[in-house]
Each structure stands twice: as C-alpha cells, then as structure tokens.
Amino acid sequence: MERTTISRRTFLNLAVGAGAGAALAACGSSGPTGSTGGGGGAGSTSYWFLTGAPGEAIRQGSVDRFNQANPDTQIKATTFQNDAYKTKIKTAIGAGQAPTIIWGWGGGGLKSYVDAGQVDDLTGWFGENAAVRDRLFPSSFGAATIDGKIYAMPAETVQPIVLFYDKRAFDKIKAEPPQSWDDIMALVPKFNAANIAPFSLGGQSRWTNMMWLEFLFDRIGGAEVFQAVFDGEKDAWSNPKSIEALTRMQDLIKADGFVKGFSSITADSNADQALLYTGRAAMMLHGTWTYGGMKADGGDFVSGGNLGWMNFPPVEGGTGDPSDTVGNPGQYLSISSKATAEQKETAKKFFTEAVLSDAEVQAWIDAGSVPIVKGSESKLAGTADAEFLNFVYETSANAKVFAQSWDQALSPTAAEKLLDNIAQLFQLSITPQQYAANMNGVIGQ
Amino acid sequence: MTAFAPPAGPRASSDPASRGRSGAVGWLAVPALVAFVAFGVVPLIGVLALSFTTWDSIGAIRPTGFDSWRAVLTDPGLPHALWVTFEVMALSWLVQTPISLLIGVFLAGRHRYRELLAVLYFIPLLLSAAAIAITYKALLDPNFGLGAGLGVPLLVQDWLGRPGLAMGVIVFVVSWQWIPFHSLIYQSGARQIPRAMYEAAELDGAGRVRQFLSITLPQLKYTIITSSTLMVVGSLTFFDLIFVLTEGGPGDATRVLALDMYKRGFQANLMGPASGIAVILVLVGLALALLLRRLGGRDQSASQLEGM
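Residue numbers (this note's numbering), protein chains in the order written: chain V, 1 to 445; chain Z, 1 to 308.
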C-alpha cells in the first residue's frame, strides 16, 4: 500500500467526507441495480490506478508501451488519488461500472469483491500461463487467493516492514542494535536517559501501531496465531500467545518506549520519519516505502550512511520464525466480471505482456523499490541504493511467512474495529483482555 | 445531513387580503421546494430505507428488518458518540456565545478602527475547515510544532494525544473559526437597536455596563437564539475539522456522531448501521432546532421594540 503525503489522505477524504451524510449514502442505493457492461465505454479496456510518484509514471509507462505495441487493443488509463480511489472503486464496483482492470491491495478488500461476484477467477488462466505465474514471488499470491482460488494478478513491488535505526544514536549511548526483545527493553531506559526517544511512532494513524502487534504476535506465537483470527476461529484473540503479545506491547508503552506525544503524530505528514532522521528518536518500525522519503528529506542522513535497518528481532521464548515478515507482499490487478469478453482478453494480454515487463522492472528498481519478480536481485547491484534494496529482496525472498498487513487481510468491517481497538490499547485505556474480548466479537465478520 | 431545518411555512392567516396574495406568492416557493425535496427529502427517505437493510456498498442490498438498528442501538459506541457530540456542542456554545456577543457589540460601534478590526476578525471564516485543521495540526505537533519551535515548554503538550486536551483543542479551533461569523450576526443585531434607547438610558444615568445588560442583551434576544441555533445544529455536522485534526482519537475520545457515521459507512462498509446513525443525527438536529424555537417564545413575529 502506498502511504505518503498529507494531501492525499486529508483533502480527498474530505471530498468524500463532505458528502458522507444522507445524500451520498442514498445516492449509492440506486447502485447495484444497474448491471451494464464494464466501464470505459464500448470496446476500450479501462484501467484505474493510483497517482503519486513514482508509481503513477511507471504504471502509465506500462500502459503506453502496451498501447504502442497493440494498436488494435487499447487500454484507457484513469488515475485517482489514494483515498479517493478507495471510495470510488467501491462505488463503481457496487454500481456495476467497474473498470476492466481493478487495481487493489488484495486480501479482505478483494474478498468483498469476490463475495459480490464482481471479479473473475483467474486460477485457470494462471494454470494455462504458468510462465506468468512462475516468474513472480510465490509469497505474493497469498493475498490474491481467496478460498483456494486466485482472483488477482500480483504486480508491482514488495514492501516489508522493517526496523530502521539511527547509527548515530547507538554510537552516542555506545550500544548495539537489539538482537532480541529483551535487548529492546534494555535499550529503552538508556536512550531515554540520553534524551533520545527509543522509538518513533506516528500513533494517530493507528495502522502504525498495528505493525508492532503484527511482529510481536508472529515472533511470540508464530504466524498461526493471527491465521486463526483470519480463519474465523472462535475466541482466537484470547490465545495465551496473543495475550502475551498484547501485554508486552503495553509494557513497552508503559516503559516510555515511544516518543512522547506519539498519539498526536501522524504518519501522513512523515513526522515519524522526521523524528528518526533529525536524531530525536533512535529506532522506527516502518514500511520500506519510507526509505525514499528519508533519503529525500533527511539531508545526508541516508547518503551519509547513518540509517541502519534490520528485520524485527526474535522474542525470548517465542516460537515464531525470526525470518518471517509482514507488510505488502505486492499490489493486485483483478479483472471485472462485468467486462466484455474482448475487454477481458485485452486485460489478460496486458497482464502477460506489459505488467512487470523488463522495462517496468527496471523502472521500479530505479525508483528504489523491489519488484516482485524472481531474479531481480541481479539488477539491484548497480543501483545507488543497492545495499538497502538487497536487504529488502533478501527479507522478502527468505521469509518463511510473508504475512499481509492485518488491516488489508481482514474485511473492511473487521479492520476498522481492529484499528479502533489497537488505538485504545496504545492509549492504555483497555487491557489486553478487554482488547481480546472486543475483537473476538468481530471474528469472522 | 442535519441542516434540514423545517422550512418556516407561512402561517395560515385569516386576513382575506393576505390569503388572496399568497396564491401568487406560493408559486415563488416552487424552485426552493423542488430543490428541498430532491436534495433533502428524497435522500432522507433513501437513508431511512437503507437503515433497514444490510449493505456493504459493493454487493446487493438485502432488507434485514431491524438488524442494523439493533446493531446500532446495542453498540456501546453510540451513547459514547452521542455524549461526545453533546460535549462538543455544549462547550463550543459556552465558549463562542459570550465572546462573539462581546465582539459583535464592540464592532457595532461606528469607528474607522473598529471597521478595520472587523475585517481582520473575519479572516478565519474565509479559510476552509480542512486547511485550518491541517495548520493547527502542524502548529500543535509536539516535536515540530509551535511550542518546540519557540522553545516554550508550556506549548509542548500531547495536544491531540490526550482525551481532555484533544477535546479542548477541537473546541478552541471551532471557536476560532466560527466566532467571526457569530460576531457578524451580533454586530448587525446590535446595529438595529435604536439609538434613542441608549440616549434615554444615558439621561437616566445608566452606565455602560448597565446599558449593555438592560438594553443590548434583551434587545438581542432573538439574535442570540438565531446564533445559538446555528451553533448547536451546526455542531452536529462538525466532521471535516475533527476528521483531519484527530480522526476521532485518541482512541474514541473525540468521535462525534457524524464521524462515527462516516467510519461505519465508508471505512467499515456497514451502510445499514451508518444510515441508522444518519437518521439519529437528523432526529437530534430537528429536535434541537424545534427546542430552540420554543425557547424563543411562541410568537417570533412579536415586536422587539416593546414600549417604543
């Protein structure tokens, strides 16, 4: 998922919000009655995707190359800003006006399209086109698979969440980066004594807090703890491992592990990154998409070699595999089941010829990302950020489990409840037991 | 949303002359009526209908009777959201009314410098709520905001991260934005008060404070009611500001009804319950508007200039 600049979230959410009342809710009610063919008009295949650098230009580049090579089967691209897109695509699909190619995040959102019968099952097509499937990271297919069937083509880049740290801060207190959870807890008072916040956190954004729980759950109980939630097992959040993870989380908060006032800080404004590169915080757990921002805004912080990175360390007594990671295993392209046969053909041709073509792969690497194509590590070597990109590649490729972010994996209904309860857990206004009880109530929704 | 105050229909009059005229005048109401029905009543009926369904905004709409209402009414989040909404309403009314009343009366005086001040005071009203919220958010940032920049420890607080402080910030920003508007209302109200009343009071030896309490305040009674209605009913629709400033946080400390509705409908894909909340919002808004009209006395057309 792309999570960046302030304008995207605020202004467009507002555009949506302004109509959030009676009027918009009612407008939608006339939606699902219409079941005309896929949007974009007669014949032309439509593709909606997100704006914002660097992705927009790269996506457009692939469309342009495809259109040049195939004058008869044109793809018409329309771009949207992130949050506007989230609402727009939902409304369009609900109204039977979806574009032929639906860009998405997979997981719970994709499942809601599948449940409504709005996207095509691509399992058979991938069976016939094994070459397309086999060149992509196998881990990227998890979030595209619902009930054993593949409903989306994985695309673009892999974005695991990693532990960033400031080498200068560790030099100052003469310490080494943490190798375990106990190390983390031991570092907290040392950094606080040196007037450096141990961890930066944009707590108001809520999903930022969630990343911590994702790793703690995995390291303490393994991927199966959250898998049980995902599979809808009764009372899955009350698993003792889950309670232990939630308790350790609150222990870190109570020990002042996070920067003071973290609940006032948002990730949208990149203030959490700023805390790290200005030396006010020593560490930050965040997606690899923040690397570019820190490089651009942090002066010589990144270029001067001060930024360190590592996978989240193991927790003492935990049973999870320390190679596991979590984040965005890819982005996803689905085909609208309302599209015409020709449109679907064109879309599949686009998937085969243009998506993650050699030119696109190179463009993603040049932009500082790791595309989900096997063997792309050989192309990383010569780039300016080779060291970091290699780390991202290794982390992603070697992960025993590459879990999708919880809020993406769950249904939108459960995800909203989850983020709500995580925010309250971090406020210390609910206990781990209350959290588990609240969340057990929405399991399977 | 909740701005559907009942249209003030002309009271049926027994005067034959005015009855004859209202036939022609009635046609003039048609454009407004059409707009009101198309953009007010019809969506409202749609929302009411949706509140008896289950819909995730993607799949089919399934009628499910009272399921959504049961979900809304048994959710502990609803009384909390109602309480937060009431808090914002009451606090922002308490802060705004006295200040805008005083500023309004002050600006009613006809001096050059007061007119200049009036223009300056008016500026916050020209800004969009989103822009204001983004600006304040940046100013209040505990690490990079105003307090940290100026090195004033008192201003370095977890402004949006503590429930009480976050509520205070919202009330402050709301007041900062809307006081100019209400001052304007009071200014025009105060200018309508006949000077003769003050001259008579001066002859009787009444001081400035006495004049304010005995003449200005009673004469502004209906202005106060108008301004309060706008404040109270308007506070039900505070969405943009709170959404950008706190997103309802920390936790759910500033989650007002309008925000709760949005989150349920558009983020959690629960259109049924969200419509239920929309209906509740409309009902609360209507009830408040009616109540405030009652407070203003039964006959609003009665003269404010009794004894003149």
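Take these hints with a grain of salt, some might be off.
Here chain Z is said to cover these stretches of chain V; the calculated rule only asks that three of the stretch's residues, wherever they fall, bring their Cβ under 8 Å from a Cβ of chain Z [claimed, not checked]:
| # | stretch |
| --- | --- |
| 1 | 47 to 58 |
| 2 | 164 to 176 |
| 3 | 229 to 236 |
| 4 | 255 to 262 |
Simulated crosslink set (SDA-like; lysine to any residue; CA at most 25 Å straight-line) [said to hold, decoys possible]:
| # | chain 1 | residue 1 | chain 2 | residue 2 |
| --- | --- | --- | --- | --- |
| 5 | V | Lys234 | Z | Pro163 |
| 6 | V | Lys254 | Z | Pro163 |
| 7 | V | Lys260 | Z | Ala60 |
| 8 | V | Lys260 | Z | Ala71 |
| 9 | V | Lys344 | Z | Pro163 |
| 10 | V | Lys417 | Z | Ala71 |
| 11 | V | Lys260 | Z | Ala148 |
| 12 | V | Lys86 | Z | Ala130 |
| 13 | V | Lys417 | V | Val132 |
What the hints contain is simulated information worked out from the structure, not anything from laboratory work. Please read these numbers as outputs of a predicted model, since none were measured by experiment. Just so you know, even glycine gets a beta-carbon here, dropped at the ideal spot from N, CA and C.
field: Outcome, coverage of the stretch 229 to 236 of chain V by chain Z - at least 3 residues whose beta-carbon is closer than 8 Å to one in that chain
entry: violated (count 0)
- request: With a cut-off of 25 Å on the C-alpha distance, tell me whether V/Lys260 and Z/Ala71 pass.
  value: 37 Å, violated
- request: Starting from V/Lys260, check that the Cα of Z/Ala148 is at most 25 Å away, please.
  value: 13 Å, holds
- prompt: Does the structure keep V/Lys417 and Z/Ala71 at a Cα separation of 25 Å or less?
  reply: 14 Å, holds
query: Are there three or more residues in the stretch 164 to 176 of chain V whose C-beta lies within less than 8 Å of some C-beta in chain Z?
result: This one is violated; 0 residues, fewer than the three required, reach chain Z with a Cβ under 8 Å.
query: Within 25 Å, alpha carbon to alpha carbon, are V/Lys254 and Z/Pro163?
result: 18 Å, holds
Outcome, coverage hint (the stretch 255 to 262 of chain V, chain Z; C-beta under 8 Å; three residues): holds (count 4)
task: Quickly compare the C-alpha distance for V/Lys234 and Z/Pro163 to 25 Å and report which way the hint goes.
output: Distance of about 33 Å is beyond 25 Å: violated.
Given pair status - Z/Pro163, V/Lys344, alpha carbons within 25 Å: Since the Cα atoms of V/Lys344 and Z/Pro163 sit roughly 51 Å apart, the hinted pair is violated (cutoff 25 Å).
Restraint status (C-alpha distance of V/Lys417 to V/Val132 at most 25 Å): Violated, because 37 Å separates the two Cα atoms, which is more than 25 Å.
query: Within the assertion that chain Z covers the stretch 47 to 58 of chain V, do at least three residues meet a Cβ-to-Cβ distance smaller than 8 Å?
result: Violated: only 0 residues of the stretch 47 to 58 of chain V have a Cβ under 8 Å from chain Z.
message: Would the hint linking V/Lys86 and Z/Ala130 be met if the CA-CA limit is 25 Å?
response: 20 Å, holds
The structure does not agree with the numbered hints 1, 2, 3, 5, 7, 8, 9 and 13 stated previously, though it agrees with the rest.
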